[in-house]
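2 protein chains.
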Amino acid sequence: MLNSVLQILEARRSTSLEQLKTFLAIPSVSAKPDHAAAVRECANWLSNEFEKTGLKSAVRQTAGHPVVVARNNHVAGRPTVLLYGHYDVQPPEPLDLWTTPAFVPTVRKDENGFDAIYARGAVDDKGQVWAHVEAIAAWQAAGGLPVNITVLIEGEEEVGSENLAAFVRSNREELKADVCVISDTGLFNRDTPAIDYGLRGLVYEEVVVTGPSHDLHSGQYGGAVPNPANVLCQLMASLHNADGRVNIPGFYDDVQTVSQAEKDQWKRLNHDEAAVAKSLDLPFLSGEAGHSALERTWSRPTCDINGMTAGYQGPGAKTVIASKASAKVSMRLVPNQNPATVQAIFRKTILDRAPKNVKIDFIINDHNADPVVVAIDNPATTLAAEAVKLGFGKEPVFIRGGGTIPVVGLLTRELGLACLLIGFGLPDDRVHSPNEKFDLDCFYKGQKTAAALYDKLSKLAV
Amino acid sequence: MLNSVLQILEARRSTSLEQLKTFLAIPSVSAKPDHAAAVRECANWLSNEFEKTGLKSAVRQTAGHPVVVARNNHVAGRPTVLLYGHYDVQPPEPLDLWTTPAFVPTVRKDENGFDAIYARGAVDDKGQVWAHVEAIAAWQAAGGLPVNITVLIEGEEEVGSENLAAFVRSNREELKADVCVISDTGLFNRDTPAIDYGLRGLVYEEVVVTGPSHDLHSGQYGGAVPNPANVLCQLMASLHNADGRVNIPGFYDDVQTVSQAEKDQWKRLNHDEAAVAKSLDLPFLSGEAGHSALERTWSRPTCDINGMTAGYQGPGAKTVIASKASAKVSMRLVPNQNPATVQAIFRKTILDRAPKNVKIDFIINDHNADPVVVAIDNPATTLAAEAVKLGFGKEPVFIRGGGTIPVVGLLTRELGLACLLIGFGLPDDRVHSPNEKFDLDCFYKGQKTAAALYDKLSKLAV
Numbered sequence: 121m122l123n124s125v126l127q128i129l130e131a132r133r134s135t136s137l138e139q140l141k142t143f144l145a146i147p148s149v150s151a152k153p154d155h156a157a158a159v160r161e162c163a164n165w166l167s168n169e170f171e172k173t174g175l176k177s178a179v180r181q182t183a184g185h186p187v188v189v190a191r192n193n194h195v196a197g198r199p200t201v202l203l204y205g206h207y208d209v210q211p212p213e214p215l216d217l218w219t220t221p222a223f224v225p226t227v228r229k230d231e232n233g234f235d236a237i238y239a240r241g242a243v244d245d246k247g248q249v250w251a252h253v254e255a256i257a258a259w260q261a262a263g264g265l266p267v268n269i270t271v272l273i274e275g276e277e278e279v280g281s282e283n284l285a286a287f288v289r290s291n292r293e294e295l296k297a298d299v300c301v302i303s304d305t306g307l308f309n310r311d312t313p314a315i316d317y318g319l320r321g322l323v324y325e326e327v328v329v330t331g332p333s334h335d336l337h338s339g340q341y342g343g344a345v346p347n348p349a350n351v352l353c354q355l356m357a358s359l360h361n362a363d364g365r366v367n368i369p370g371f372y373d374d375v376q377t378v379s380q381a382e383k384d385q386w387k388r389l390n391h392d393e394a395a396v397a398k399s400l401d402l403p404f405l406s407g408e409a410g411h412s413a414l415e416r417t418w419s420r421p422t423c424d425i426n427g428m429t430a431g432y433q434g435p436g437a438k439t440v441i442a443s444k445a446s447a448k449v450s451m452r453l454v455p456n457q458n459p460a461t462v463q464a465i466f467r468k469t470i471l472d473r474a475p476k477n478v479k480i481d482f483i484i485n486d487h488n489a490d491p492v493v494v495a496i497d498n499p500a501t502t503l504a505a506e507a508v509k510l511g512f513g514k515e516p517v518f519i520r521g522g523g524t525i526p527v528v529g530l531l532t533r534e535l536g537l538a539c540l541l542i543g544f545g546l547p548d549d550r551v552h553s554p555n556e557k558f559d560l561d562c563f564y565k566g567q568k569t570a571a572a573l574y575d576k577l578s579k580l581a582v
Numbered sequence: 121m122l123n124s125v126l127q128i129l130e131a132r133r134s135t136s137l138e139q140l141k142t143f144l145a146i147p148s149v150s151a152k153p154d155h156a157a158a159v160r161e162c163a164n165w166l167s168n169e170f171e172k173t174g175l176k177s178a179v180r181q182t183a184g185h186p187v188v189v190a191r192n193n194h195v196a197g198r199p200t201v202l203l204y205g206h207y208d209v210q211p212p213e214p215l216d217l218w219t220t221p222a223f224v225p226t227v228r229k230d231e232n233g234f235d236a237i238y239a240r241g242a243v244d245d246k247g248q249v250w251a252h253v254e255a256i257a258a259w260q261a262a263g264g265l266p267v268n269i270t271v272l273i274e275g276e277e278e279v280g281s282e283n284l285a286a287f288v289r290s291n292r293e294e295l296k297a298d299v300c301v302i303s304d305t306g307l308f309n310r311d312t313p314a315i316d317y318g319l320r321g322l323v324y325e326e327v328v329v330t331g332p333s334h335d336l337h338s339g340q341y342g343g344a345v346p347n348p349a350n351v352l353c354q355l356m357a358s359l360h361n362a363d364g365r366v367n368i369p370g371f372y373d374d375v376q377t378v379s380q381a382e383k384d385q386w387k388r389l390n391h392d393e394a395a396v397a398k399s400l401d402l403p404f405l406s407g408e409a410g411h412s413a414l415e416r417t418w419s420r421p422t423c424d425i426n427g428m429t430a431g432y433q434g435p436g437a438k439t440v441i442a443s444k445a446s447a448k449v450s451m452r453l454v455p456n457q458n459p460a461t462v463q464a465i466f467r468k469t470i471l472d473r474a475p476k477n478v479k480i481d482f483i484i485n486d487h488n489a490d491p492v493v494v495a496i497d498n499p500a501t502t503l504a505a506e507a508v509k510l511g512f513g514k515e516p517v518f519i520r521g522g523g524t525i526p527v528v529g530l531l532t533r534e535l536g537l538a539c540l541l542i543g544f545g546l547p548d549d550r551v552h553s554p555n556e557k558f559d560l561d562c563f564y565k566g567q568k569t570a571a572a573l574y575d576k577l578s579k580l581a582v
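So the protein sequences, as listed, match chains D and C. First residue of the first sequence: 121, per my numbering; consecutive thereafter. First residue of the second sequence: 121, per my numbering; consecutive thereafter.
There may be inaccurate statements among the hints.
Note that the list lumps identical chains together, so a pair holds whenever it fits in one copy or between two copies.
[As the list claims (entries may be wrong)] Below 30 Å or equal to it, Euclidean Cα-Cα: the simulated DSS-like pairs (lysine-lysine) are:
| no. | residue 1 | residue 2 |
| --- | --- | --- |
| 1 | 476 | 387 |
| 2 | 479 | 229 |
| 3 | 398 | 468 |
| 4 | 476 | 398 |
| 5 | 514 | 229 |
| 6 | 479 | 398 |
| 7 | 398 | 565 |
| 8 | 141 | 229 |
| 9 | 141 | 172 |
| 10 | 229 | 398 |
| 11 | 383 | 476 |
| 12 | 383 | 514 |
| 13 | 296 | 565 |
| 14 | 176 | 296 |
| 15 | 509 | 229 |
| 16 | 514 | 398 |
| 17 | 141 | 565 |
It is worth saying that the hints were derived from the structure and are not from the lab.
Bound-form chain D, shown alone (with noise of 0.2 Å):
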């Protein structure tokens, strides 16, 4: 039968890539309020697809953006699979460093002169979810999927799934199943394909620094007033020690140490870090001290500015102290690191390091999301690891993995659910940045490890 699916893909390959191209071209950016019309087009967009593949799908509603969900006919004694992806994509900005527009995808040769589609969400994570629907799609046209299953794609996991918890939690029997599959990690590199067993966790925070209630003539005002992007940056620069580490009083308090076994494992990765650096044009990478690369992105928490804003930003000058600066600050958290403790010491940090005549507002609450690992010694991995060997051609390695799902926590705390995090991604894809794309490759061996997954967890025990 899988065979069969296999042709059917084979066949459908051009077909399926004008899909995807259809897909990108919805511009579905959930953190702009003025993009919500977009974001619900592409979640009816999405639902149709599934009722042609002939599952039963809706659109829902939730207190956001709306989630699709769609499901096959659930026959008893079948295992049953929550395939979980996210349809929103991250803003596009900076326009101007896109090759070709982020919402007009384009299929060209990437700098290695791999064939890739470019657009927004190539990879994060419309193709991976198209990936699963082809194969979803192939299943069916042979015959029927050989499992039960519950799609689940959300519209808020770039802006922290507000209101997934919600909506999870109204619908727990509905999405009741024995295992979860997430397409939204990448291999380890492009000739080794990987299992994720670890991500982590979210506080996004943004602080306001409001100093005179107006903008003010540098050289009348200039040295008798506190200037709030001067403050800004010393409260920023407040935040890290010299030695890299964050130095927010109690942060590292509950972050787990990384075993040694498990370092060692990582050591025969043999991650190159010159050519990391080398591929992004930096002359070495750096970070917290005493720990290698992969260790700080896979096990050690940050405290990045994404985004920063104050006075004039247009050409040349202006002698201006601006009434307010703001940053947006981003906490990549690791176990047993809790979102919530995170936030109240980071705003009492700043608070404490604050001069006393500005104000300080802090805004977007609810982007928090738990750092996970989940447990791989189980036959659904097992059974996994056999369909990325299938559809990849050769055995995955076993990652952790620097970025956030929020779902991941979510799930397995709500649902008891494991998760299965199988990406068709790879490192230089650009997430988030301009130029955004998914290799075409990595597409068609994803929609083959797609396929052969549903093969292989239906010979899951239930």
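With chain D held as given, fit chain C onto it using these hints.
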């Protein structure tokens, strides 16, 4: 004769206000390359207005924006006055904070119930220039100015008067005068007219930090790479010590100490720091320890961030490590600091302190200005004080200012001219800020002062 001049001014009040509105409506923003046509239009309009008063006027080219030069027939034996002003204005941003649009001049009451005209450039410097144009026109209508006048109104004051030095050097003979008059400052407060005798200098820098060659996913790479926004904050924060002093080695080496006598004189002005703080919605003023607010703005150098850009600045969250981050920084200088020296040590400090895996670029050059203290123990200043008393009904106080008028150093140095800094603005005119205004009472008293000044200066022995 002065009496009939003053009567003409009185009769022309509403006409002069309409004329000022026309002047203010031209968006002559010198910093913005796309406003070059408006800058030129403004120069042409102004030159034509001088022609209407009977002066010979011309728009003269420079390597940048043009200057307007006008003059009457110089009569041997009469004192010659060089009137300097500028017709360019600061960028109006942030636009959304203007109650009425920056280039739609509007008369309304200010927060304290005084009539004022609101527009970008209202007081800095178009309104003050226009007070002189009216005084000149009235004198011409009454039979002719009693002095030789050369008017020099430039279009690059707000971008550092970059090309004025070359123009002055090439036209030394034509610009020769006995005294220079500049109205680009203000009263000490509404009840206290003032003559300025000191201005701070300026160094303006833009620092660009470049890290990775493109924006990165903050999860995938966070912790492994230098984040340019964090690096920028560290560099900017390093520029001050905890006591508010600028932390650039050598920065204070050439700073002249203010004599106790001068400090005592400033104390007698009874500057109300609490009232200033209140007017800015600040609980208290702050800055370098050990100096009053007046001392800090008049006689101490600064290092203020005027603008800052990094990463995502739209609504909501984007988890990105931006490739670049930049800050516009201005340093106000005091006697005897040298702009070139300060610029050099600023750049060296930034380069010394930057991590070795980011690239630092400096942009915006030639925006430097010397700090100046002008002599006031001379007959011209005594005559000017009499004119201010006639115009405002009160003796002026002698003060310094915190701002910069690049031309003052230039004219002193190149032409050996004594500069009379007689300003008609108020401290709360929101210069360089949204809702810039010019008080109408100050506008009319400024016209009267200017008219009286030409009368008084005709008695200057030459």
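Homo-oligomer pair classification [residue 229, residue 479; C-alpha up to 30 Å]: Answer is between: at 29 Å across copies they meet the 30 Å cutoff, but 50 Å inside does not.
When no copy is specified for residue 141 and residue 565, does a C-alpha distance of 30 Å or less occur within a copy, between copies, both, or neither? within (18 Å within a copy, 68 Å between copies)
State whether the alpha carbon distance between residue 141 and residue 229 is at most 30 Å within one copy, between copies, both, or neither. within (16 Å within a copy, 58 Å between copies)
Residue 383 and residue 476: within-copy, between-copy, both or neither at 30 Å Cα: Result: close only across copies, 28 Å inter versus 45 Å intra.
Within, between, both or neither: how does the pair residue 514, residue 398 come out at a Cα-Cα threshold of 30 Å? within (26 Å within a copy, 70 Å between copies)
Within a copy, between copies, both or neither: where do residue 398 and residue 565 come within 30 Å Cα-Cα? Classified as within: same-chain Cα gap 27 Å, cross-chain 66 Å, threshold 30 Å.
When no copy is named, should residue 476 and residue 387 be tagged within, between, both, or neither for a Cα gap of at most 30 Å? between (48 Å within a copy, 26 Å between copies)
Within, between, both or neither: how does the pair residue 476, residue 398 come out at a Cα-Cα threshold of 30 Å? between (44 Å within a copy, 15 Å between copies)
Treating 30 Å as the Cα threshold, decide for residue 296 and residue 565: within, between, both or neither. So residue 296 and residue 565 pass the 30 Å test inside one copy only (28 Å; across, 81 Å).
Within, between, both or neither: residue 509, residue 229 at alpha-carbon 30 Å: Intra 26 Å, inter 77 Å, cutoff 30 Å: intra-copy only.
Should residue 398 paired with residue 468 be assigned to within, between, both, or neither, using CA atoms and 30 Å as the limit? Close across copies (27 Å), not inside one copy (39 Å); limit 30 Å.
Are the CA atoms of residue 176 and residue 296 at most 30 Å apart within a copy, between copies, both, or neither? within (17 Å within a copy, 89 Å between copies)
In this structure, none of the earlier numbered hints is contradicted; all agree with it.
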